[in-house]
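Residue numbers (my numbering), protein chains in the order written: chain F, 2 to 249; chain A, 10 to 87.
To be clear, the hints were calculated from the coordinates, so they are not data collected in a lab.
Hints may contain errors.
Here are the simulated distance ranges between beta carbons [said to hold, decoys possible]:
| id | chain 1 | residue 1 | chain 2 | residue 2 | range |
| --- | --- | --- | --- | --- | --- |
| 1 | F | Ile19 | A | Leu25 | 24 to 32 Å |
| 2 | F | Phe52 | A | Ile35 | 38 to 46 Å |
| 3 | F | Phe52 | A | Thr59 | 21 to 29 Å |
| 4 | A | Gln16 | F | Met223 | 30 to 38 Å |
| 5 | F | Val212 | A | Gly31 | 23 to 31 Å |
| 6 | F | Ala131 | A | Gly38 | 31 to 39 Å |
Negatives, chain F to chain A, calculated, CB over 12 Å [stated by the list, open to error]:
| id | residue |
| --- | --- |
| 7 | Val20 |
| 8 | Leu41 |
| 9 | Arg57 |
| 10 | Gly70 |
| 11 | Phe92 |
| 12 | Leu109 |
| 13 | Ser214 |
Every value quoted in this text rests on a predicted model; they were computed, and no experiment measured them.
Glycine included, every Cβ here is placed at the ideal spot set by N, Cα and C.
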Amino acid sequence: MATENDGGLEFHPLDQFIVKPLFSDGPVHWYTVTNVTLWLAIALVAITALFVFGSRGRAIVPSRTQSIGEVLYGFTYKMVEDVAGKDAVKFFPYIFTLFMFILFSNYLGLLPMSFATTSHIAVTAVLALAVFFTVTILGFVKNGTGFLKLFWVSSAPLALRPILAIIELISYFVRPVSHSIRLGGNIMAGHAVMKVFAGFAAIAAISPVAVLSITAIYGLEMLVAGVQAYVFTILTVVYLRDALHPAH
Amino acid sequence: MEGDIAQLGQFIGAGLAGIGSGAAAIGVGHVAGNFLAGALRNPSAAGGQTATLFIGIAFAEALGIFSFLIALLLMFAV
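Model the full assembly from the supplied sequences, consistent with the hints where possible.
Given below as structure tokens:
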């Protein structure tokens, strides 16, 4: 559709999500260095730099870098403690890693000419499946078969419980799907909307309106990037709470 | 001709899937509106419930994203 030029868009709004090899034009293998690899690596380097330089001073009165690190750390720590309880704090490093990685990937994806790695369901599905398997295995290790109480709603009337068990079971297995598609879909939709408006900007009559709209949508996307990282993390914490305390 | 009819079906289907986004918007509005209504009655309890608010919004929103995904699949993958 990108080549058709019969009054349609000049470029395709989803072209920005194409995975390209960085150094050659050949096919993409699992070991090929692509633009996704580059931006995943940049996210890792940025996170490492923030915390290495942030914690270097260990000042009582924190520098700007240190206070950013402290705010993010404290925010996530409080979230884990409030939602999942004291005994979930030993999983805090995993939760914090997830949160920082998604937050940085989302914001780096918003830079012009960059690549939004979290818009790919392949990336978010790996994150969501990792959470799903961690939580399921953890639930069985911690509670044994008692983990199955999660599906047996003891507060409901006895006749309703088998039906509720089926619904709970289905909703449990839909978790990784919705968990990954929520993040990937939100980021993909936001970036596609921006490109659609960028296409409108080529039409002279409405280009001022379109440029203003892109600015407004960019502001909205800044909010969405933060909120989606937060939502992914807090759902992980909620699933973790279910695994640690499965009884309703 | 048959290809045209199939493409017509794809476009109609993608447009219909867009209704799902509107339905999700209603859902998110319900969550946020009811939160605000409750928060104005008891502002001191509202601060502790923002996590619940975001979880509720996320669950309502996910289904809208599914319909967006269906539209994308119809347009580009089928």
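Does phenylalanine 92(F) really sit off the interface, with its C-beta more than 12 Å from all C-beta atoms of chain A? Since the minimum Cβ distance to chain A is about 17 Å, phenylalanine 92(F) lies beyond 12 Å and the statement holds.
Can you let me know if the beta-carbon spacing of phenylalanine 52(F) and isoleucine 35(A) is within 38 to 46 Å? 42 Å, holds
At 12 Å, judged by beta carbons, does glycine 70(F) keep clear of chain A as stated? 22 Å, holds
Could you let me know if the closest chain A CB is still more than 12 Å away from the CB of serine 214(F)? The claim holds: serine 214(F) sits with its nearest Cβ about 18 Å from chain A, beyond 12 Å.
Between the beta carbons of alanine 131(F) and glycine 38(A), is the distance compatible with 31 to 39 Å? 33 Å, holds
Looking only at beta-carbon atoms, does the pair valine 212(F), glycine 31(A) fall within the given range of 23 to 31 Å? Roughly 27 Å apart at Cβ, these two residues keep to the hinted range, so it holds.
Beyond 12 Å from every chain A Cβ: check whether that's true for valine 20(F). 15 Å, holds
Non-interface label on arginine 57(F), tested against every C-beta of chain A at 12 Å: 32 Å, holds
Is the distance from the Cβ of glutamine 16(A) to the Cβ of methionine 223(F) consistent with 30 to 38 Å? This hint holds: roughly 37 Å between Cβ atoms.
Quick one: are phenylalanine 52(F) and threonine 59(A) within 21 to 29 Å, going by C-beta? 26 Å, holds
Closest CB-CB distance from leucine 41(F) to chain A, is it above 12 Å? Nearest chain A Cβ is 23 Å from leucine 41(F), so the label holds.
CB-CB spacing for leucine 25(A) and isoleucine 19(F) relative to the 24 to 32 Å hint: Because 28 Å falls inside the window, the suggested range holds.
Hint violations for this structure: none, all hints satisfied.
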